[in-house]
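Colleague: Letter by letter, the chains look like this.
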Amino acid sequence: MRFSDQFEKRFAEMLTHYPTKRSVLVPTLLYAQDEAGFLSDEVIAEIAQRLELTELDVNNVISYYSMLTTKPRGKYNVQVCTNIACMLRGGEELLEQCKDRLGIGHKGTTSDGLFSLEEVECIGACSWAPAIQVNYDFHENLDERKMDAVLDSYRKKAI
Amino acid sequence: MADLVSHPDEVRVVSKRFGKGATNIDRYIELDGYKAVRKALTMEPDAIINEVKNSGLRGRGGAGFSTGLKWSFVPKQASKPKYILCNGDESEPGTCKDRLIFEHDPHAVIEGVMIAALAVGATKGYIYIRGEYRYLSEIMQKAIADVYAKGFAGKNIFGSGKDLDIYWHGGAGAYEVGEESALMESLEGKRGIPRIRPPFPAVVGLWGGPTVINNAETLASVPHILLGGAEWYANLGPPKNGGTRLFCLAGDLEKPGVYELPMGYNLKKMIYEVGGGIPNGRKLKAVVPGGSSTPILLPEEIDVAMDFDSVAKTGSMLGSGGVVVLDDTVCMVKFALRTIKFYQHESCGWCIPCREGTDWLKKTLIRFHNGAGLKKDIDNMYYLSENMLGRTFCPLGDAAAMPMMAFVKKFRKEFEDHLDGKPCPYEKASEEINRELAVL
Numbered sequence: 001m002r003f004s005d006q007f008e009k010r011f012a013e014m015l016t017h018y019p020t021k022r023s024v025l026v027p028t029l030l031y032a033q034d035e036a037g038f039l040s041d042e043v044i045a046e047i048a049q050r051l052e053l054t055e056l057d058v059n060n061v062i063s064y065y066s067m068l069t070t071k072p073r074g075k076y077n078v079q080v081c082t083n084i085a086c087m088l089r090g091g092e093e094l095l096e097q098c099k100d101r102l103g104i105g106h107k108g109t110t111s112d113g114l115f116s117l118e119e120v121e122c123i124g125a126c127s128w129a130p131a132i133q134v135n136y137d138f139h140e141n142l143d144e145r146k147m148d149a150v151l152d153s154y155r156k157k158a159i
Numbered sequence: 001m002a003d004l005v006s007h008p009d010e011v012r013v014v015s016k017r018f019g020k021g022a023t024n025i026d027r028y029i030e031l032d033g034y035k036a037v038r039k040a041l042t043m044e045p046d047a048i049i050n051e052v053k054n055s056g057l058r059g060r061g062g063a064g065f066s067t068g069l070k071w072s073f074v075p076k077q078a079s080k081p082k083y084i085l086c087n088g089d090e091s092e093p094g095t096c097k098d099r100l101i102f103e104h105d106p107h108a109v110i111e112g113v114m115i116a117a118l119a120v121g122a123t124k125g126y127i128y129i130r131g132e133y134r135y136l137s138e139i140m141q142k143a144i145a146d147v148y149a150k151g152f153a154g155k156n157i158f159g160s161g162k163d164l165d166i167y168w169h170g171g172a173g174a175y176e177v178g179e180e181s182a183l184m185e186s187l188e189g190k191r192g193i194p195r196i197r198p199p200f201p202a203v204v205g206l207w208g209g210p211t212v213i214n215n216a217e218t219l220a221s222v223p224h225i226l227l228g229g230a231e232w233y234a235n236l237g238p239p240k241n242g243g244t245r246l247f248c249l250a251g252d253l254e255k256p257g258v259y260e261l262p263m264g265y266n267l268k269k270m271i272y273e274v275g276g277g278i279p280n281g282r283k284l285k286a287v288v289p290g291g292s293s294t295p296i297l298l299p300e301e302i303d304v305a306m307d308f309d310s311v312a313k314t315g316s317m318l319g320s321g322g323v324v325v326l327d328d329t330v331c332m333v334k335f336a337l338r339t340i341k342f343y344q345h346e347s348c349g350w351c352i353p354c355r356e357g358t359d360w361l362k363k364t365l366i367r368f369h370n371g372a373g374l375k376k377d378i379d380n381m382y383y384l385s386e387n388m389l390g391r392t393f394c395p396l397g398d399a400a401a402m403p404m405m406a407f408v409k410k411f412r413k414e415f416e417d418h419l420d421g422k423p424c425p426y427e428k429a430s431e432e433i434n435r436e437l438a439v440l
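So the protein sequences, as listed, match chains A and B. The first sequence begins at 1 in our numbering and counts up by one. The second sequence begins at 1 in our numbering and counts up by one.
Next comes chain B alone, as it looks inside the complex (with noise of 0.2 Å):
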């Protein structure tokens, strides 16, 4: 559904098969596809997670933590069962790679997920897709039924004498259960309210057992590693960010789309050559380089390798792949009042420096960007956020706070013009806050 584009400097690795057909399992098979889970069906469970681990492969979901360092910290043996978690609560804004996976390739998802679970020990896998995918969870479940009608899940996988079930489970709303222990409350029936850690999912996850729970993607690249050899996929990439990656280019752009880069791609040149640059003649602003929780950078700062190490120097974060454009028409203020009252919503209220936090941030916009802020509003944004940052029992309340205290750092001119109940200075902003005012 979602249209699909190209550019010569992609490497396709994870977004081989779009657009191939390869939702059907005949196709995918021929397509290479379930040749990785036969390989690593021969494999030792550790050399499945060391070749993961020399991979260079790191979360795809935003953390950037190593997949095969994750999957190391499940225990060898438990009373209870092991269970693989494909996290598909894609919903950090500026992000919509996921989608294209499922859309395009679901049955990479699952061998990925078999593949996870061959190497930690687990016999089931849970694949989670947000409730606004209706149409995802629709191609999924037929995946899953058509590897159930090969042999491929079940009792005694490809003839292998191992067990290994693979289900589906749908979500209804909720940005919070993308965070990894929300998901498995989420899962079990609840409402998506994240855990205190330790003990981290590894060794208590889902109804107690040591659960791996990775990004969609990154499942989707691991059936690549096994097949290519960690090697070929690590030298994709700068040193420790091995692979390609899902950029989702998305606002200010001539050709936003989904691309597959290389990680490292400079980020100058996936805006002006891959995105096609700023439309109407406009001139770049800013960028959110990896969707809404990552701090905002200036266009002086976008000449940066896009891998997680690169642009942590930056002070900000790679993310989820979430790139989206402003151009010099977009009013800061409103653009933070936007993205707050994004984290005000979706704040379960479980911890208060989240639930309280960004209520005040979003409040204080408000009232800012109608005319009526004042000047140590400015500080008491910034010094409220820095007291969130670290004080939540999940990363939201950072999301939160990380992209504010940049906003507030970077643009604070923008937040002084606002001052003294002038008319914001700001073309697009003007109409919106002219019916902000009528609404009053």
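Chain A with its partners taken away, still in its complex shape (with noise of 0.2 Å):
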């Protein structure tokens, strides 16, 4: 198992920031998802390794935290926020516009691989509602027309 050097120079400056190695877990699981994609059994092998756990304890760290996945999403996740404030705001209509674009459903992926869908808890935008993540990036003050456009541009960023 491979990982970027930046990987490699975060993770071992950060093993000098705590007193237990176990500590580094959360956020050097979602650096190694970001790079692999996913948490694969070799992924969550090298890391319990690593931080001398065993591969039980880092599946149970895993399967809490709802950013973590074993299984493999679209290179764009799209994770549209329905709580309250973007409800309000027609989060759920943004939903309901993704599904029937991508044609898939909450945590279902387009046959090419491209995009990933996942209805998601409050993410922090709630005076900017109806707004939505992309893997990191936040598109805010949505409506349908504007969903359209982020998703054209993912669709071209992949060409």
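It is possible that part of the hints are untrue.
Stated by the list, open to error - Here are the simulated SDA-like pairs of lysine to any residue, each with C-alpha atoms no more than 25 Å apart in a straight line:
1) A:Lys157 to B:Arg134
2) A:Lys146 to B:Asp3
3) B:Lys190 to A:Thr70
4) B:Lys240 to B:Asp303
5) B:Lys16 to B:Lys80
To be verified - A short list of chain A residues far from chain B (calculated; beta carbon distances all over 10 Å):
6) Glu42
7) Glu46
8) Glu55
9) Leu56
10) Lys71
11) Arg73
12) Gly103
13) Gly108
14) Asp112
15) Gly113
16) Tyr154
I should point out that these hints are in silico values taken from the structure, not numbers from a laboratory. A virtual CB, placed ideally from N, CA and C, is assigned to each residue, including glycine.
Join the two chains into one complex using the hints; note that each chain is given alone, in its own frame.
Modeller: Printed below as a string of structure tokens:
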């Protein structure tokens, strides 16, 4: 299992931040997932071994955090917030629009592997609702037209 | 990234440097940055604590506990290292203020952590930022690196002979981790499950050492208090509710946004003047005053000063500053369902009243909203919530129970209108019901 140099540099530095190795686990899993696409058995085994934990320990932690996944996702993970502030301003309609345009449901992935879709809980964009995140990027104050433009921009980016 | 707004009634303290390029450390220094920590270095620890106590600063995460008092609980002598932990796991629905602080003024948070550390004798501070805020984590990592490069952190900070390390930490998606003991578990690399108290974190916290846990906005307020003085800060708000607060106006409003207003600002004015009122000629139906866990207020209850004590008198809470406004097209059963769905999703499952209670509430509300509700469900939902209250390891159970009780108490008629399989009589909700029925 090989991670990028940046990952290794950050990992080595983070280990110096805490009195226990285990403390780096949560952010490390997320950075590993960013590189590998998902937390495969191989990634889990590697991280467990580095931090002197069992794979069970690592899996236990993974299952708790909603951003961590052991299944592959699309290149662009579209996360639509439907929590109260977004709901009031059309978040659910955006979710339906995404389902329709992408032809997939909650936690589904398009057959070309480009998009996956998720209905998510509050992402901290309440004053700029309705909002979504595509991977880590926020898109705010959306409506039907802007939502289509966002999806198109990622389609173009992929070419 | 997030748009900034302004209103003449704003009093800019925490947001003073927003939009002024203060992520750059030199610019931050130009704008009075790192002056407060230099001042703190010349003060006795008890004098710093007293200054913060006298300022009336209360926890901006939601609980509203006196920050100075919290710091004073840390034992002077401890056999284990002491820590400061900044809670930047902002996740309470309706709340989006810490995001702006991290985006525009990350050094204020760092400086707040430093002052807290000097006050309690800690030598390490951690700044925990939720995983979804990746761009903010990057801003913070850069800010911390700049602080080390200047010699403000690490060994012999500011040439004072004192050592103080500042670190960042990232989450990976969990509301529950915003609870202080769960936050420590998460930082230690575990599932974010709350710890039983006592012992309190001030005595036994991170890795067994005494730990102060403060919200990001609370810590970002501290440097301003040290520079401006406790009296100035206290006088910005009503008695025992010092300072200003970032209010996140959201929902059915003309001008939603994050506004910094003095504590005790009138809620009605906040909605109609600052937030520009309700769009499309609609009427106000209800307001969630401080994040989704705070009991909802009716239009006749909103002539209230937005400080911890005044809002408490209405039976609700000032909470985390997330003001969510609902117009008269919103179906309250649906709103209750969405609120509870969140807490059910986020319950860590560790204790039974929360795990089972939120699940029962959600299932009942789904059935109810789909037109299959029974009259007795209404009282059962209230009774169930009442029995969750105060019986859970951490406040997540309360966070679900409190608003649920208010929904039933204040909108019983709307629940009754959903009985006997009648279609939802409330506009916005009807489409949703049809959609859900189509799935079933």
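Colleague: All hints, please: hold or fail.
Modeller: Here is what the structure says about each hint:
1. For the proposed pair Lys157 (chain A) and Arg134 (chain B), the alpha carbon gap of about 20 Å is at most 25 Å, so the pair holds.
2. Distance restraint check for Lys146 (chain A) and Asp3 (chain B): the Cα-Cα separation of roughly 16 Å lies within the 25 Å cut-off, and the hinted pair is therefore satisfied.
3. Note on Lys190 (chain B) and Thr70 (chain A): the hinted pairing holds, with a Cα-Cα distance of about 17 Å set against a maximum of 25 Å.
4. With a CA separation close to 20 Å, the supplied pair Lys240 (chain B) and Asp303 (chain B) stays within the 25 Å bound.
5. Restraint check: the Cα-Cα separation between Lys16 (chain B) and Lys80 (chain B) comes to about 37 Å, which exceeds 25 Å; the hinted pair is violated.
6. In this structure Glu42 (chain A) is separated from chain B by more than 10 Å, as the shortest Cβ-Cβ distance comes to about 19 Å.
7. Against chain B, the non-interface label of Glu46 (chain A) holds: every CB pair exceeds 10 Å, the least being about 16 Å.
8. The claim that Glu55 (chain A) lies off the interface holds: its Cβ sits roughly 14 Å from the closest Cβ of chain B, which is beyond the 10 Å cut-off.
9. The Cβ of Leu56 (chain A) sits about 12 Å from the closest Cβ of chain B, beyond the 10 Å cut-off, so the non-interface label holds.
10. Every Cβ of chain B is farther than 10 Å from the Cβ of Lys71 (chain A); the closest lies at roughly 15 Å, confirming the non-interface assignment.
11. Here Arg73 (chain A) stays apart from chain B, with its beta-carbon at least about 13 Å from theirs, past the 10 Å limit.
12. Once the 10 Å rule is applied to beta carbons, Gly103 (chain A) is consistent with being away from chain B; the minimum gap is 17 Å.
13. Chain B leaves Gly108 (chain A) outside its interface by the beta-carbon criterion, the shortest separation being 15 Å against a cut-off of 10 Å.
14. The non-interface label for Asp112 (chain A) is consistent with chain B: the shortest C-beta to C-beta separation is roughly 25 Å, beyond 10 Å.
15. At the 10 Å boundary, the C-beta of Gly113 (chain A) stays outside the reach of chain B, the nearest C-beta of that chain being 22 Å off.
16. A cut-off of 10 Å between C-beta atoms confirms that Tyr154 (chain A) is not in contact with chain B; the least separation is 17 Å.
Against the hints set out earlier in the document, a violation occurs for number 5 only.
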